[in-house]
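S.K.: What follows is each chain in one-letter form.
2 protein chains.
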Amino acid sequence: MAIAACLNAPTRLKKLMTEFRYELLATDGKARLGRIHTAHGVIDTPAFMPVGTAATVKGMLPENVADTGAQILLGNTYHLMLRPGAERIARLGGLHKFMNWDKPILTDSGGYQVMSLSKLRKITEDGVTFKSHIDGRKFALSPERSMEIQHLLGSTITMAFDECTPFPATEQQAADSMRMSMRWAKRSKDAFVNREGYALYGIQQGSVFENLRRESSEKLTELDLPGHSVGGLAVGEGQQIMFDTLDFCVDMLPANKPRYLMGVGKPSDLVGAVMRGIDQFDCVLPTRSGRNAQGFTHRGTLNLKNGRHRDDDRPLDDQCNCPACTKYSRAYLHHLIKAGEILGAVLLTWHNLAYYQDLMADMREAIAEGRMDAFARDFHAAQEGGDIDPMPIIED
Amino acid sequence: MAIAACLNAPTRLKKLMTEFRYELLATDGKARLGRIHTAHGVIDTPAFMPVGTAATVKGMLPENVADTGAQILLGNTYHLMLRPGAERIARLGGLHKFMNWDKPILTDSGGYQVMSLSKLRKITEDGVTFKSHIDGRKFALSPERSMEIQHLLGSTITMAFDECTPFPATEQQAADSMRMSMRWAKRSKDAFVNREGYALYGIQQGSVFENLRRESSEKLTELDLPGHSVGGLAVGEGQQIMFDTLDFCVDMLPANKPRYLMGVGKPSDLVGAVMRGIDQFDCVLPTRSGRNAQGFTHRGTLNLKNGRHRDDDRPLDDQCNCPACTKYSRAYLHHLIKAGEILGAVLLTWHNLAYYQDLMADMREAIAEGRMDAFARDFHAAQEGGDIDPMPIIED
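Quick mapping for you: the protein sequence lines, in order, are chains B and R. Numbering (my numbering) for the first sequence: 37 to 432. Numbering (my numbering) for the second sequence: 37 to 432.
Okay, chain B solo, but in the shape it has when bound (with noise of 0.2 Å):
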């Protein structure tokens, strides 16, 4: 009997570490403590997931981007089907393999950036045609489409296709867009082949109306999907709009499974997304503002170009552990920055992404210790008090 039950244990815990599930620790008011298990690892969430655009963090090496401590990586379908083609990544052994990245990966299903980047595009209740921004060639999407290409890419976690609501939007608007969307939510589950570890996520729409929010979750949760997203947010509305709608969304999605918030955000987005019960997060903000001289610090953003840090021998931010704090000084930055070196976008990338994570780690703790209030307060004390104050800069 021990025996057999000694034998039966590597096959018991084969399937517990591979079935793809969200495992609530703790709650403290709407924020969440949790883990997501999926095929390849363990997500500690509630979780930020730089974004691997083509199939590279932007100047990272992948190994530096798992040290600052992410889990999970994004990919967008839209650039990986352009350039250099999922049928030759899937050649190439898949995304994992291509760009050097054993965790999980979860990719968009590129209806977004077909908005937003591609040219005369044309929607159909089917789907979309429209022409790569790169090179013009004609190319379509469709929830099937959508659904073969993250196949091939390998993700662990793919998105359902939808259409982002563009805002503002009326109610009508509002309602016929996500209408399609759970049309194509349904399409996108028929089409999903579903593997041991792997999820499909469907996303919430509905704009900023709570009757549609509603609609569109009853729908979601007739398909039973291991994951949600809530969409259709960060898309100019403003921060407070989008608190004001994840005030009443994220409650109507089921508590058992993960809620991710796509495309947000700022550090004050994260904080105040975490405690109305987000679990999971992209953005390009700390990749795009590292090339673009800008650091989050625990006392605010800075911008390394200006001439006040040309003297500064003190570090970015001397509360981070990351290389950038630990071996560079301000002034090494700010040079590195007005040379045009790609050290300087490598070392900034680095940092933001550090302090991304190092934000979800506390925001975990916090969450596990019952002070995410606190945490909260805290956090927008230092943020609002600014930067430590200035070295003298000296002219030679």
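When chains are identical, the list treats them as one kind, so a pair holds in a single copy or across two.
Capping the alpha-carbon separation at 20 Å, the derived lysine-lysine pairs in PhoX-like fashion look like this:
no.: 1; residue 1: Lys341; residue 2: Lys363
no.: 2; residue 1: Lys167; residue 2: Lys374
no.: 3; residue 1: Lys374; residue 2: Lys133
no.: 4; residue 1: Lys374; residue 2: Lys363
no.: 5; residue 1: Lys133; residue 2: Lys363
no.: 6; residue 1: Lys363; residue 2: Lys139
no.: 7; residue 1: Lys341; residue 2: Lys374
no.: 8; residue 1: Lys255; residue 2: Lys222
no.: 9; residue 1: Lys167; residue 2: Lys155
no.: 10; residue 1: Lys158; residue 2: Lys174
no.: 11; residue 1: Lys225; residue 2: Lys255
no.: 12; residue 1: Lys155; residue 2: Lys174
Since the hints were made in silico from the structure, they are not lab data.
Let chain B serve as the given structure and place chain R on it in line with the hints.
M.R.: The following block gives chain R in isolation, referenced to the frame of chain B:
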């Protein structure tokens, strides 16, 4: 007595460790295996020094440059004096601390870049005045100011201030230029602040004229400097004339001191120059080529932008252990380059630096084992053999 000897040991050891000296370990024909001891550590020779123009080896973290095997970097006086300024770097703790590199640094004298990059330059016996290529500000360089700047930077190896004689030059032009450089070498020595483990190198000039190279060497030998370089080559004369000149000019320099060939070169240049007695090299080629899609391999130089690599899942160079070759395919490198991704430049730079360091390590081993001729034959055969056959391209 025994106890006294023990107590004394650390002092003697420290003395041995910090004194700047060249140790000749073996010869094979004219090729020399050696070791340079400096205040910042040991340099195994023949050595290749990656170029860290503006206080960064472009695209690389310094720890990763060290990972390739580099034991010394080169910094450019001209670039650093203009931006961020030598006095500023000194206030920030010196170049080593500023750029987070604790091994030896060699700085050039600034003379070469003044000639190739600056505007409205004017040369007199005293020195050079010029306008910055960055913002047009006026600067001056002289033997004394060059020594001061290199001292402010904290260079392990300082180069004498010289004029790099252009090619072609008449014998009279070459003689006049060389003699001024020799007067400047004397002034450089007088201005150089000697410190334990640091060194000033003199630069041999004389273009392709044997009598002038001899005269230059004699004048430098009188100064009794701890090292020498061969200047005025790799300035457009081509490999054959460079080798023909090295055939006579290297032996003229004292054999008990290191000999450094400035600004060289291609892999085949390095092999030929090592066989003519050169111990140190620097060149932007591996780093600049890395940013321009070029990869140096055991089978010759490849352009990774070429579509032939698009579906190639094989490594760039199967004999290389760098991350670009062990973790990624040619198809991925090609994709990064086509997409204009920073990581493409980073990985190819890393590979090229690893290739150069591996080449130097292989030559050191060949010299130690007395088979440098055979090594050179095999090297040329492999280079001329060309790349592996391309993989079929699949059009989607």
